[in-house]
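Given two chains presented individually in distinct reference frames, assemble the corresponding complex, making use of the accompanying hints.
Protein sequence lines correspond, in order, to chains X and G.
Per this note's numbering, the first sequence runs over residues 1 to 119.
Per this note's numbering, the second sequence runs over residues 1001 to 1523.
Just so you know, the hints here were simulated from the structure itself, not pulled from any lab data.
Nothing false has been slipped in among the hints.
Pair by pair, the computed Cβ-Cβ distance ranges are:
#1 X/Met-53 to G/Glu-1200: 20 to 30 Å
#2 G/Pro-1389 to X/Val-80: 43 to 53 Å
#3 X/Ala-64 to G/Gln-1203: 21 to 31 Å
#4 G/Ala-1036 to X/Asn-52: 51 to 61 Å
#5 X/Arg-95 to G/Phe-1039: 33 to 43 Å
Virtual Cβ for every residue (Gly too), placed ideally from N, Cα, C.
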Amino acid sequence: MELLLASAIGVFTAAGVYLVLRPRTFSVVMGLSFLTYAINFFLVSAGRLAVNMPDILAKGKELADYADPVPPALVLTSIVISFGMTAIMVVMGVRGYFENDSDHVNITATEEIIARSRE
Amino acid sequence: MNHLLILPILLPAIIAPLLAMAVRNDIVLARVFSTAATFGLVIIGCLMVWTASDGQIRIYELGAWKAPYGIVLVLDRLSAIMVLLTACLATVVQLYSMAGWDTRGNHFYSLFHVLLMGVNGAFLTGDLFNLFVFFELLLIASYGLMVHGGGPTRFKAGLQYISINLVGSVIFLMGLGTIYSVTGTLNMAHFAERISQVPESDQALMAVGASLLLVVFGLKAALVPLHFWMPATYSNAPPPVAALFSIMSKVGVYAMIRFSDLSLLQQGGPFSALGTQLLVPCAVLSLIAGSIGVLAARSLSQQASFVGLASIGTILISFGLFTPESQAAGLYYMLHSTLAVATLFLLIDLVIVRRPGAGDGFDSQPFPQQGYLSALFFVGALFVIGLPPSSGFLGKLQILHSLRSTSEWPMLWGTILVASFVTLLGFAQAGSLVFWKSSAATKTDPHSPGENNHSESAALESSGKSLPLAMPSVAIGVAWSLLILLMVFPGPVMGYLDATTEQLFDPQRYISAVLEPAGASER
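Bound-form chain G, shown alone (with noise of 0.2 Å):
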C-alpha cells in the first residue's frame, strides 16, 4: 500500500490539534507551523499528481480491510489534482491570513487545518458514507471560520448557514440510505458495479436516491435553485475565509463528477437522463442568475459571491454533457476560477479595511494607497471576467469550443457570452464607482473614527491610513503566478487533464482497481 494516500489527511489531522492545544497563545509559532504544514500539502499534492500522472488508479485499504467491506481511499488523476488546488488555494490563504486576519479570534488555523482535512478526504474517499463524514467535517471547521472575528450580521449569517447545509446533511443522508437499501452497498465501486443490475421494481427507488445525492451535491456546490445562502455566506464571511470556501463548492462539483461519471449519470446508463435533463438547464440558470446578480450587487464582496456563482454555472454547463472533451474544459475552468474568485475575495478585503465606514459598498470614497489597489483589482477582474489574455479566457474558449459537438451549442454559447458581458459591465460599474470616481473626488473628511467602537475595528479606527502591503501582495502574487502558470502553460495541463476524463470515462478500471486490487496493476 502507497501510503502517500492519507498523508493530505493526516497532516492536517495532526497539525489542528497541535496548533489548537500546544501552540494556542503564540501567535509567531502558529503561523510558523501552519504555513509549514500548507507547503507540506503542496508538496504531497505535486507528489500525487506524479504518481497518479501514470494512469494506474490507487488504492488505501484502511485498516487493510478489503473493499467493500473496508473503506477505502482512491487515488485517480481527479482526486489528485484536485488535492493540489486545494493545497494551493490553501497556500494563498495562508499567506494572506498572517498580515492580520488570523488574530482577530481564536484558533483560526486549526479550524483552517481541520477545513483542509475534511475537503482532501472528501476528494480521496471511494465510500460514499465516508464522504459524508468528510463533509461533516469539513462543514463543522467552516461554521467556525465562518464567524471568526465575530459581528452581529456575521453571526446571524453563520446560523442561516448551518441551517442550510444541516438540512442538507439530511437530505444526504435519505439519499444514502434510499441507495442502500437498494443496492446493500455504500462503497462507491461497488455501487457502480451493482447500480446496472438494479432490478426494475427498484429502479424508481433508485432514482429517487440518485436525485436527492444530485440535490446535496447541488446545494453545496451552490446550483440554481439551491444558491438562496451563497451570496449572504460568502460576502459576510472573513473575506480570507470566502477565499477558502471557494474550494468548498468545489467539493460538491467534484462529488457530482465523481458520482455522476463513476456510476449514476454514465452515458448508457439507467438514469443518464437526469444529467442533460436536470444539470444542464440548471447550470445554465445558474450561469444567468449569477450574472445578473453581479450586475445587481451593492457592494464588492456580493458581486465576487455572485461571481462565484456564474462560474459554477460555466462548469457545470461543460460537466453536464458528459463528452470527455468538455468535462476537461470544465476541470481547466475550475481550477482557473477557484483560484481568481478566491483572490478577488482577498483584494476585497484590501478595499475595506482601508476604507472604515463605507467597506466595500459603491460609494465614491478616497483612500489610501488607491492607486496600487486599483491596478490590482483590475486585473483580479480581468482574470475572473475571464477576458484575454488570462487563463479564464482560454478556459471559456476550452469550453465553447467543446460544445461545438452538441445540438443545443447556439443557445449555450449564446448564455456563456452574454454573461461574460454582462459580468463585465457589473465590474466596470463597481470599478469606475469605487476606484475610479473616488480618487477624481476630493479628498472629504473620512468618517470620524471611533463612532463604530466595535472590537474587530479597533486597529482599522485610525481611517485613512496606509496599511502594510507586503504580505497582502505576496499570497495574491502566489495566486496570480499560479494562473499565469495555467495560462503559459496551458498544453501540459490540458493534456493531463484530458487523460483525467479518459479515465473518468472508463468506470470499469476504478471499479477493478478497488474491487480487485491485485488486478489494478494493468492499465
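For reference, chain X alone in the conformation it holds in the complex (with noise of 0.2 Å):
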C-alpha cells in the first residue's frame, strides 16, 4: 500500500513536473493536472493509511482504529479549486491561441516590442 501511492505520486509529479515544462500550452495544462492528481494523492497520505476505518473516534477504541476525517476534506476543497483553475487555464489557453495564431508558451522578444507599439 504505501509503496503503491508513493510511486502513484512519485509517477505522477514527475510527468507533471515534465509536462509544464514542454513549449506548448496544451502540455502546460496536462501536466497541471498530472500535478493537482499528485497532490491529491499527497494530501490522502497526510493523514497517515488507514484502511477501512471510520473517521468517527468510537468509544472504547483505541487511536490506532481511526482515519483522520481532515485530510479527505482538503482533498475535496482543493479537488475543487484545481478544476476551477484547469478551467480558467484552458479557457486563457484557447483565449490566447486565438489572439496569436500559435500556442507557445514563452514570449519572444519581437512580440514584446509589437506589443509595446500597440498600446
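Pasting the structure below:
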C-alpha cells in the first residue's frame, strides 16, 4: 500500500513536472492536471494511511482504529479549486491561441516590441 | 465577538456579485458602487487600526466553532495595518481606473473586489488552509484582471502567470500536507504551540514542510530566485492592475512574516537558522537583481517591475534579521514602497496612452502634456528611489540604522546604498530619454494613426491629442498625500509599527488569544 501510493505520487509528479516544462500550452495544462492528481494523493497520505477505518473515533476504541477525516476534506477543497483552475487555464489557453495564432508558451522579444507599439 | 473582523471580507463579497450581476450594463452605477465600497473599506481599515492599537488580539470564530477545530479570523496590529494599506491602495487604483481602464473589458470592478476580498482574507485568517483558499481566491481574480483589455502578448503573459501560480499552489498544498502530517493541525496558533513539541524523528519532515511553505511565499513575493515571472507579468498587465498587484506581492511578504515570527523561524526555535541563512541572502540577491534590472530595462514598465523587485529585497533584508527594530523599519518601508511603486505604474500608463507607436519604450518621441507628466514622473521616481526628503528615504534610513546591530552590517549597508544609486542611474537614463530628449527633439510626425487598428487602441488612435488628466491626477494625488503623511508624521507611524513588532515577537500572546479566548483580554 505504502509503496503503491508513494510510487503513484512520484510518477504523477514526474509526469506533471515534465509536461509543465514543455513549450506548448496543451502539455502545460495536462502537466498541471497531473500535478494536482499527485497532490490529491499526497494530501490523502498526510493523514497517515488507514484502510477500512471509521472517520469518527468511537467509544472504547484505540486511536489506531481511526482514520483522520481532515485530509479527505482538504482533498475535496483542493479538487474543487484545481478543477476551476484547470478550466480557467484552458479558457486562457484557447483565447491566447486565437489571439496569437500559436500555442507556444514563451514570449519572444519581437512579440514584446509589437505589444508595446500597439498600446 | 467583534463583527468588525469579518467586514473587510464580507463587504467585497457582497459588492462583487452585485457589480457582476445587477449593474453590469451601467458603468456609471458600477463606478459609484465600487467607489463607495472602496471608501467603505478605507473606513473599516481605519477602524481596525484604531481597534487593534490597544494591543489586544481579537479573534472571530466563524460559525462559533472554537479554535483549533473551526476557522478563526485574527486581528492584531499587523493585520490591521495591512488591511488599511490594501484599502488605501484600492482607493488609488479605483480612482485611476475610472479614467477609462474600467471600460476596456468586462467585469473590471467585480474582479477588483474579489481580489480585495482575497487579500483582506489572507491578512486576517488564522488558519493555514484558509490562507491557501484566500490565496486562490485572490489569484483567480488576478488572472482575470491580468488579461483585462486583452491583446495577444497579454494573454501569453497571463498564461505564464497562471501556470507559475498553479505550480506555486501545488507546492503550497505539499507543504501544508507535510506540516499537517507532522503536527496534526492547520490552525496557525495551534501549530505554533506544537512546533516546539515536534519529536526529533519528525524534525527533518517538519523542515521540509516549512521550506516548501517558504518557497511558496517567496514565489508570491517574487524573491530571487523565484522572481522570473514578475517582470513579464507586471510589465504586460494593464498598468492599474500592475499597481494593484503591488499589494499581492506584499501578501507573500506578510505570510512570510506572520508564519516566521509566529512559529517557524522565531529566534531560539528549532528552525531559526532557515531564516537568516536562507532569507537574507535571497533578499540581498533580489535587491541586486532588481537594481540591475532597473538599469537594463528597455521600457518604463519593465523598470517599474524591477524597482518593485528591489523593494521586496530591501523589505526582506530587514525582516530576515529578526530584530524588532529592523522589522518595524521594514514595515514602514513596505507601506511606502507599495504605494510608491503602484503610483509609478499609474504614471507610466499616462505616458503610454499619449505615445501611440512608442508606448513606454525608451525612444525620444514628443507627446502632449509633456511638461506636466515629466514633473509627475520626476516626483514619482523621487519617491520610488527613496531620495531625501521622501518617505522612502526615511524608510531606508531606518533600515540602515537598524542593521547597525548585526555583524554583517557593512555588507548590507553597501548593498542597499549601491543598489539605490544604481536605481537612481536607471531612472535618470529613463527620464532623460523619454522626457528630456523628446522635448528637445523637433516635433516629428507621429506614427500614422489607424496602422495598428486594435480594438483596445481605438480610442487612442488620434495620436498627439491631449487627454483628460483630472481623474488620474486625483488618484495620484491621493497616493502622494498618503506618502507625504508617512513622511511628515513618521513618529506616530513608527510608534504603531514598533508596537506591532513587539506584538509579533511575543507569539505566546497570539497563541493564547486564539486558543484560550477567555483569557485574551489581558495584555
